[in-house]
Amino acid sequence: MAGCGNPVAIAGLAPGERVLDLGLGGGIDCFLAAQRIGPAGEVWGLDMTSEMVQLARHNAATMELANVRFRLGEIEDIPVADASFDVVISNCVINLSTDKPRVLAEAFRVLAPCGRLGVSDMVRTRALTPVEARDAEAWAGCVAGALPAAEFAQLLAATGFVDVAIDVEDSERGVVSAYIAARRPA
Amino acid sequence: MEILACPVCKDPLTLTIAGVEGDEVMSGELHCSACDEWYPIRDGIPNLLPPELRRALEANTPPSRAAP
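Going line by line, the protein sequences match chains W and Z.
Okay, so the first sequence: first residue is 26 according to the working numbering, each after it adds one.
Okay, so the second sequence: first residue is 144 according to the working numbering, each after it adds one.
Hint data in this document are derived by calculation from the structure and do not stem from the laboratory.
None of these values were measured; they are calculated from a predicted model.
Treat the hints with caution; some may be incorrect.
[To be verified] Some chain W residues well away from chain Z (every beta-carbon gap over 12 Å; in silico):
no.: 1; residue: GLN60
no.: 2; residue: LEU71
no.: 3; residue: ALA86
no.: 4; residue: PRO126
no.: 5; residue: GLU131
no.: 6; residue: PRO138
no.: 7; residue: LEU172
no.: 8; residue: ALA182
no.: 9; residue: GLY199
no.: 10; residue: PRO210
[Claimed, not checked] Chain Z stretches covered by chain W per the calculated footprint, using a threshold of three residues with CB under 8 Å from any CB of chain W:
no.: 11; stretch: 148–157
no.: 12; stretch: 183–189
no.: 13; stretch: 192–198
Glycine included, C-beta positions come from ideal geometry on N, C-alpha and C.
Kindly produce the complete structure, drawing on both the sequences and the hints.
Structural data, given as structure tokens:
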């Protein structure tokens, strides 16, 4: 898995916040987030594969983290009520979705007013050469599915997010990791 | 638990508990009255995948993993 890390979103968390992680991996971002928000907050991790959820739940039990919950579900159909979370985080997952507008609309829906989105993801910074495109397909689906950075920003704005900021890794490659921040208006 | 919602219609769900460990529901079901759809809780994990996807995945799952 071409994980790109999400330290910025986790560093911005405050004690007591309610955090939703879209797509778990092994749950590492959930565990780091749980330590930041402390016992007054709560982290929910959502993943569509039962193996990942079982693994994350087992790890949470081993670490004796009581403020983390895991649910089996799709990021395109988030199974929580509107305005339930202060922060939505995600690490190299949204690019895997074949319906990114729907993922972002769902993230917007479950965020409380003024809630924050903090996503690490892969974005395209230019058109890929044919060789790069072929290599990208071979390397990982998340590279092939990466949106152009400007298109990602436009999609967030069209969804209703404000204060959209995309911090793109400085690289010659056409597909790079980026940190994407946005906020649901009050 | 109260913020859990139906993945399809986002209505609240009603919990039926079958087994508990400590303060955690280990097995049971969540019901959406609007969709008349049931979502299982197994091994402490609520399965809130959209029902069509859940059934498709279960169809590809060995029988040993079937519901108790």
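Open item on the list: Taking the earlier hints as the rules, which of them does this structure contradict?
Closed with: 2, 3, 5
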